[in-house]
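J.: Here is how the chains run, residue by residue.
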Amino acid sequence: MKISRTLTLGSLAIAMILGGSVAPSAHAADALQLYAALDYSTDVATAFTAKTGIPVNVTALSTGPLLAKITAEKNNPQWGAYWADGAEPCAAFDLDKQLLHYKPKGAHLNAIGQKLAPKSGAYQVPGFTEMVGVVYNSSKVRKPTSWDDLASADFKNQVGMNNPSVSGPTYPFIAGLMEQLGSEAAMKTYLLKLKDNGLRAFDKNSKTLAALNTGVINVGLVQSSAAITEVVNYKAKPVAGLTPAVTYLAKTTVLPSCLAIDGKASAFQQDAAKKFADFVMTSEAVKIMIKSNTGDSLFWPTLLGNNPAAATTTMPSFTSGLIQVVDPYKYAPLQGAVQDWFTKNIA
Amino acid sequence: MTIFWMVIVSILVLPIILFLAVAFSPKLLDQGPEWFTFNSFKAAADPYFVRSIWHSFVMGVVSSILATAIALGVAWIVLRTNSAARKVWNLAIFALLLAPSYLIALGWERIFERAGVLNIAGIDLPFVRDLLYGPVGIAMILTFKGIPFAYLVISNAMRGLGEEFEQAVRVHGGSRIAAFKMMATLLLPALWSGIAIVFAESISDFGVASQLSSPGRYSVATFTLYKSVMSIPVSFPLCAAISIILLMLIVVALLAQSRALRGRSFRVLSGRTRPITRQKLSPLGSIASNVTIYVLLILTLGVPVFGAISASMIQGLGTVISNYQINFDNYIRVIKSPLLRTPLLFSAEAALMTATVAVILAAISSRMLVSTKNGPGKKFLDFFLLAAVGLPGIVFAIGYIFAYNLPLAQKYGFHLYGTVALLVLAYIATALPSTTRSLVGNMNQFQESLSEACRVHGSNGIKTWLTVVLPLISRPLLAAWCLTYCGTLLELPVSQILYPPGHAPLAVGIDHALGNYDFGGGTAMEVFAIISALIVVAIAFGLYEKLAPLGWKQLGRARS
Chain F
372 MKISRTLTLG SLAIAMILGG SVAPSAHAAD ALQLYAALDY STDVATAFTA KTGIPVNVTA
432 LSTGPLLAKI TAEKNNPQWG AYWADGAEPC AAFDLDKQLL HYKPKGAHLN AIGQKLAPKS
492 GAYQVPGFTE MVGVVYNSSK VRKPTSWDDL ASADFKNQVG MNNPSVSGPT YPFIAGLMEQ
552 LGSEAAMKTY LLKLKDNGLR AFDKNSKTLA ALNTGVINVG LVQSSAAITE VVNYKAKPVA
612 GLTPAVTYLA KTTVLPSCLA IDGKASAFQQ DAAKKFADFV MTSEAVKIMI KSNTGDSLFW
672 PTLLGNNPAA ATTTMPSFTS GLIQVVDPYK YAPLQGAVQD WFTKNIA
Chain G
4 MTIFWMVIVS ILVLPIILFL AVAFSPKLLD QGPEWFTFNS FKAAADPYFV RSIWHSFVMG
64 VVSSILATAI ALGVAWIVLR TNSAARKVWN LAIFALLLAP SYLIALGWER IFERAGVLNI
124 AGIDLPFVRD LLYGPVGIAM ILTFKGIPFA YLVISNAMRG LGEEFEQAVR VHGGSRIAAF
184 KMMATLLLPA LWSGIAIVFA ESISDFGVAS QLSSPGRYSV ATFTLYKSVM SIPVSFPLCA
244 AISIILLMLI VVALLAQSRA LRGRSFRVLS GRTRPITRQK LSPLGSIASN VTIYVLLILT
304 LGVPVFGAIS ASMIQGLGTV ISNYQINFDN YIRVIKSPLL RTPLLFSAEA ALMTATVAVI
364 LAAISSRMLV STKNGPGKKF LDFFLLAAVG LPGIVFAIGY IFAYNLPLAQ KYGFHLYGTV
424 ALLVLAYIAT ALPSTTRSLV GNMNQFQESL SEACRVHGSN GIKTWLTVVL PLISRPLLAA
484 WCLTYCGTLL ELPVSQILYP PGHAPLAVGI DHALGNYDFG GGTAMEVFAI ISALIVVAIA
544 FGLYEKLAPL GWKQLGRARS
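Sequence order for the protein chains is F and G.
Here the numbering used here is used: the first residue of the first sequence is 372, the next is one more, and so on.
Here the numbering used here is used: the first residue of the second sequence is 4, the next is one more, and so on.
Honestly, the hints are just simulated from the structure, not real lab data.
Please note that the accuracy of each hint is not assured.
What the hints assert, rightly or not - Keeping only pairs whose Cα atoms sit at most 20 Å apart, straight-line, the calculated SDA-like set for lysine to any residue is:
| # | chain 1 | residue 1 | chain 2 | residue 2 |
| --- | --- | --- | --- | --- |
| 1 | F | 635 | G | 210 |
| 2 | F | 445 | G | 39 |
| 3 | F | 527 | G | 414 |
| 4 | F | 527 | G | 133 |
| 5 | F | 715 | G | 221 |
| 6 | F | 474 | F | 490 |
| 7 | F | 514 | F | 446 |
| 8 | F | 645 | F | 662 |
| 9 | F | 445 | G | 128 |
| 10 | F | 445 | F | 636 |
| 11 | G | 30 | F | 446 |
| 12 | G | 45 | F | 509 |
| 13 | F | 468 | G | 30 |
| 14 | F | 527 | F | 509 |
| 15 | F | 635 | G | 187 |
| 16 | F | 490 | F | 519 |
| 17 | G | 414 | F | 474 |
All chains, please: the whole structure from these sequences, using the hints.
T.: Quick look at the structure:
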């Protein structure tokens, strides 16, 4: 038994010493803990640190794992700020009284920005993308013209979409369907019709686009930024037989990117998060966000006087009459049940 | 021993118990309003979840039995015959272990999917495609994924067996089949270990489930569980209830194992175990064995390699009738990028620590599991070791947050959550069960009288271990180390939830690349990671061959 003790102690010592040697503890109390699901969040955080001297620890994951982490930490939250696409999770946090309400200093919003930002200041909306961009392989299928058209014989076994249980941005699309079709039941009937027509459900944008690239489907219902990226990529490196194009069907739902502050965080975290929110809602930060001109950078800013990245202009504007805004506080409470239904009946 | 138990409780038992407790008491960790309830079990009794759990059980049973049977046959060909293909298999085994299950599934999809390779070639097999996206496809790929696990366990035990038992059967007039049966009987502990590992790995596998389960509407428990964890809003009480039901399946596997081995002794490993003589196969036997090994390698390794190549080197495969391009652009881009280098080095370091510590703890655990004392501690350890394999990694990671983010612990300055140390401890805990199982077969063969004789002659415990036990189990320990290293390098669920900010492990980097529509770059990173792991394995075995004393390498050696 002495051997077991020696070996156990030895192995633990190895683990702790080596574990510590790889990196110092990242949980410094003097750094803002930012949980983010957007590509540009690290660049924005770096610029924020350079400007304010406040260090930021960015935990960069997709929305699902981030929300799982936040929920698991609920009895002792470790995040200071959360930043991802989709207002419903933030509305749900707010209804659960988890958020600190704050209005950034000096942020002048455009018309849609004012419509998307909650009056309470529960979260900030620096920009928005749209759900869904209908990306289709124009070498194989014609351009879809309406939601009903997607359920027609021309698109039999051709359409794929993300699973809202996994893909953060997809529930707002479902909420948008409920809004324009008039009820939850009508949305379900429509999706079942698509299912009967061969609709395939994939985990998230990347998986749906992978299916489009390999010809498993020829029409993908994905986030506008993902759809535009797909088109831009294949324009840059053309492949015979695969010519992605994007279209938007009436109505397309606005998908705000939301920055929220933890209401239970320490005073330091909350103070740093407020300063970070102030920075995010500036033109300086928007310029960093749109810089890469691909992926998440393809959004419309909500700050007055700021234009989107060049490729984003193919997306319908607020004034086009093609897009709609849904109330996240109305649809957030339905999210669990609707997603459960989707997984059991569509996915 | 107290320290060993403290370690096991801290890294294994506490996270599992706290996660499962949420099923009964959501309020305990602020996951709901009730202090005690069975509501989550009512939700888990939904026919959809019940069907998923049943599917998982069936897949686990089928794949574990098939994988173990195939591994036994392969081990016999490789270790006991002069088949020329045996050398190729020995090289391929770690590549097989490294191939992520989703890549195996992807390779098969690329061949049979609509607009896939066969379709492009003018062959449309909708019937086969339907089979692939359903129980047959899932069971087949889980079997392929399970073969290397079962093979490592069985081959290590077969090496320790010598051939005197088979010779005894033959001398007494028994046929070759009778001799094979005798060998299989003596290998029962290893076979059951193999079945237990493959069963637990299969029911907790997410890669195959994510690739084939959803499109085929044949839902399995891990897919359901993962979807529940990633759902918005998350319901951890429901996930915990499903996990408890999954664990009950594992208890069934454990009971079967214990019933099969009860009251029998398999202690054949001694200092007198003689080198075996390889059977010279007839020309027909030689052809048959070579064909078997090569076909198996094409199915298990060739298809995922094709999956990787098609994803990282061929642009437009699947949509293009002609004119597709094969190039190394993605590899060149990735090799220059810090997005590969830094995470690869970080994960390699973490895998190195994990493998080293896990092998030491696994040696102690496996020795305890095969101990003749059948106390509650042994059963307790057995259950939690298998439970940790059976629970999907994502669940395990959430359990770590519950355990190490407790306000009480942090109040007393215990800040482990969000550190590299906690990530490594979680890796160790995740690796420990399969590493332990891979050693159980060998430990079961070890004759205690050897150590006892050494102690009687005045040697202390440590010297006895180093001079008697270690030489006999050195090769299995090395194999277990390599197994753990390879498994940790590309581990995703625990890495995703527990990585400290600024230190993204490789799997998180790959997932990020794939999530940003860089399919080619992500897969190229994966291929580099696999190549790097194969180099580490080659170095480890090379050093063993060069530095280990001759006596250590004698066990399991064969005469041609």
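J.: Now look at each hint and say whether the structure bears it out.
T.: Status of the hints after comparison with the structure:
Proximity of residue 635 of chain F to residue 210 of chain G is assessed by CA-CA distance (about 36 Å); at most 20 Å being required, the pair is judged violated. Proximity of residue 445 of chain F to residue 39 of chain G is assessed by CA-CA distance (about 19 Å); at most 20 Å being required, the pair is judged to hold. Between residue 527 of chain F and residue 414 of chain G, the direct Cα distance comes to roughly 59 Å. Violation of the 20 Å bound is thereby established for this hinted pair. Note on residue 527 of chain F and residue 133 of chain G: the hinted pairing holds, with a Cα-Cα distance of about 17 Å set against a maximum of 20 Å.
Note on residue 715 of chain F and residue 221 of chain G: the hinted pairing holds, with a Cα-Cα distance of about 11 Å set against a maximum of 20 Å. For a cut-off of 20 Å, the pair hint linking residue 474 of chain F to residue 490 of chain F stands: about 9 Å separates their Cα positions. Restraint check: the Cα-Cα separation between residue 514 of chain F and residue 446 of chain F comes to about 50 Å, which exceeds 20 Å; the hinted pair is violated. Restraint check for residue 645 of chain F and residue 662 of chain F: not satisfied, since their Cα atoms lie roughly 24 Å apart, outside the 20 Å limit.
A hinted pair counts as satisfied when its Cα atoms are at most 20 Å apart, and residue 445 of chain F with residue 128 of chain G does not qualify at roughly 50 Å. Simply put, residue 445 of chain F and residue 636 of chain F have alpha-carbon atoms about 11 Å apart, close enough for the 20 Å limit, and the pair holds. Of the supplied pair hints, the one linking residue 30 of chain G and residue 446 of chain F holds, its CA atoms being roughly 10 Å apart against a limit of 20 Å. For a cut-off of 20 Å, the pair hint linking residue 45 of chain G to residue 509 of chain F is broken: about 48 Å separates their Cα positions.
Only pairs whose Cα atoms come within 20 Å are accepted, and residue 468 of chain F paired with residue 30 of chain G is accepted, the gap being roughly 17 Å. Straight-line distance between C-alpha atoms of residue 527 of chain F and residue 509 of chain F comes to about 15 Å, which keeps the hinted pair within the 20 Å bound. A C-alpha spacing of about 60 Å is found between residue 635 of chain F and residue 187 of chain G, which places the hinted pair above 20 Å, so the restraint is violated. Between residue 490 of chain F and residue 519 of chain F the CA atoms are separated by roughly 36 Å; this puts the pair beyond 20 Å, and the hint is violated.
A threshold of 20 Å between alpha carbons decides the hint, and for residue 414 of chain G with residue 474 of chain F the separation of about 32 Å lies outside it, so the pair is violated.
The structure does not agree with the numbered hints 1, 3, 7, 8, 9, 12, 15, 16, 17 stated previously, though it agrees with the rest.
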